[in-house]
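In order, the protein sequences belong to chains A and B.
Counting from 1, one number per residue, gives the positions in the first sequence under the numbering used here.
Counting from 1, one number per residue, gives the positions in the second sequence under the numbering used here.
FYI, nobody ran anything at the bench for these hints, they're computed from the structure.
You can trust all of the hints, since none of them are fake.
Ranges between beta-carbon positions, derived for each pair:
(1) B:Leu9 - A:Gly117: 51 to 57 Å
(2) A:Pro8 - B:Lys125: 45 to 51 Å
(3) A:Gly117 - B:Ala214: 50 to 56 Å
(4) B:Asp40 - A:Lys4: 49 to 55 Å
(5) A:Val199 - B:Glu64: 35 to 41 Å
(6) A:Glu98 - B:Lys125: 17 to 23 Å
(7) B:Pro218 - A:Glu100: 42 to 48 Å
(8) A:Gly72 - B:Lys125: 22 to 28 Å
(9) B:Gly74 - A:Pro8: 36 to 42 Å
(10) A:Glu100 - B:Gly99: 26 to 32 Å
Where a beta carbon is used, it is the ideal one built from N, C-alpha and C, also for glycine.
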Amino acid sequence: MSRKIVKPVISAQEAVGRVKPGSSIMVGGFNYGGIPYSLVEALVAAGVNDLTLIANDTAYENVGHGRLVANGQVKKVIASHVGLNKKTGQLFHDGQLELELCPQGTFVERIRAGGFGLGGFLTPTGVGTVVEEGKQVLEVKGRKYILELPLRADVAFIRAHRADRHGNLTFFGTNRNFNPTMAMAADYVVAEVDSILEVGEIDPNDVVTPGILIDALVVKGDNYYAART
Amino acid sequence: MLPELNEELVRSRIARRIAREFHDGAVVNLGIGIPTLVSDYIPEDVRVVFQTENGVVGAGPAPEVPDLRFIGAGGRHLTLLPGSALVSSDLSFGLIRGGHVDATVLGALEVSQDGDLANWMVPGKMVPGMGGAMDLVTGARQVIIATTHTTKKGDAKILKECTLPLTAKGVVSLVVTEFAVFRICEGKMELAEIAPDVTLEDLKAVTEAEYTVADPLPIMQGTEEE
Chain A
1 MSRKIVKPVI SAQEAVGRVK PGSSIMVGGF NYGGIPYSLV EALVAAGVND LTLIANDTAY
61 ENVGHGRLVA NGQVKKVIAS HVGLNKKTGQ LFHDGQLELE LCPQGTFVER IRAGGFGLGG
121 FLTPTGVGTV VEEGKQVLEV KGRKYILELP LRADVAFIRA HRADRHGNLT FFGTNRNFNP
181 TMAMAADYVV AEVDSILEVG EIDPNDVVTP GILIDALVVK GDNYYAART
Chain B
1 MLPELNEELV RSRIARRIAR EFHDGAVVNL GIGIPTLVSD YIPEDVRVVF QTENGVVGAG
61 PAPEVPDLRF IGAGGRHLTL LPGSALVSSD LSFGLIRGGH VDATVLGALE VSQDGDLANW
121 MVPGKMVPGM GGAMDLVTGA RQVIIATTHT TKKGDAKILK ECTLPLTAKG VVSLVVTEFA
181 VFRICEGKME LAEIAPDVTL EDLKAVTEAE YTVADPLPIM QGTEEE
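The task is simple: from the sequences and hints, build the whole structure.
Here's what the structure looks like:
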């Protein structure tokens with residue numbers, strides 16, 4: 001997959017045009033932190049539906065990608081925790097939402113495997129619990145492991161701190177969380193950032209995510225949480 | 001008769017006792033609820049590195065002015081101490097699963113005498129998800145449970161076998177309640193300490209699990225400071 005060396009700087013609305021009905025989409029974030037709020041807001045406004053949402057949690061009913069769920073745009077959620085968004089549980093219990101819960105370490109490692117070209121991995125997490133149901137359990141050197149499979153998505157919306165025009169990214173505080181991993185594991189990756197610098201203005205030593213993984217850049221808007229994270 | 005303790009004393013007693021469990025330099029992950037309080041009671045001569053699963057190694061107390069760019073488990077506000085590090089979630093769970101975290105402190109719905117833990121779901125109720133709990137209890141070197149001794153209804157939480165869906169099997173090594181401290185070693189539970197004014201008979205009446213009793217049986221550490 002060939003990406004432009006100099007990344008297009010586009011609007012959140014343009015970026016959302018890459019999300020089609022039925023798309024799978026990864027959204028970065030843990031609780032309030034590291035959510036690409038402006039991209040998600042544009043996706044809520046666009047109303048694209050039948051989405052498979054891959055995110056650590058479903059935020060809150062009125063916050064970030066939690067609004068995608070509340071807005072009925074999501075048919076399936078793959079996450080580790082959905083308890084803070086009442087709407088997620090409600091839609092799941094009403095049979096209107098498919099929910100796949102993964103332990104958080106398994107969740108992120110599945111994304112890592114998806115981005116790192118691995119066919120899966122063996123983890124001891126979940127052995128002897130409902131997590132192992134329907135999965136292969138293998139014994140290696142006397143210890144049991146669950147075979148977990150990789151996750152990829154059509155689109156990833158991630159949040160970073162600064163980008164240069166080549167898409168090299170730095171992160172800030174606990175906004176980093178799932179974002180660098182998701183940047184590896186989708187066909188089209190948009191990074192929402194605080195600011196965009198010229199090439200050479202970010203020291204290569206400080207780059208966490210190399211620009212070759214990024215398709216487009218969006219500068220964060222001024223909505224309440226985008227401004228505060 | 002078991003002593004009647006107010007909720008604040010229950011929580012602080014459990015947290016204070018657990019805070020004495022760490023050696024200098026220990027890397028510790030605290031869950032939400034009572035475990036969160038543990039950091040308030042770490043002895044002065046012990047330096048503990050608090051890790052949060054969303055990517056902080058070396059978390060400090062909540063700041064005066066909250067900043068959503070620095071949060072921990074459950075979205076709790078935190079500061080970064082000098083010498084701390086920020087990592088991504090995949091590396092954070094590598095630290096957890098890979099055995100680089102010395103201890104995790106979590107709450108429980110049920111614990112069994114051989115160390116099984118149930119703390120993530122109740123069938124028929126809304127399912128919140130397990131978050132990082134399953135990885136933490138599988139990977140951390142020591143799993144410490146901070147829990148009230150019984151449910152609000154007075155039912156035992158320390159059982160022969162868990163009845164709720166498990167978080168993990170055979171992982172718990174220490175259970176601290178307001179009345180007692182139990183150690184679980186090689187699938188066997190031992191009453192290691194007992195709170196003041198609690199008799200062995202009182203304790204047995206609210207504990208379904210079978211356990212041996214340490215001899216001598218010390219008074220629960222930290223209660224002398226109350």
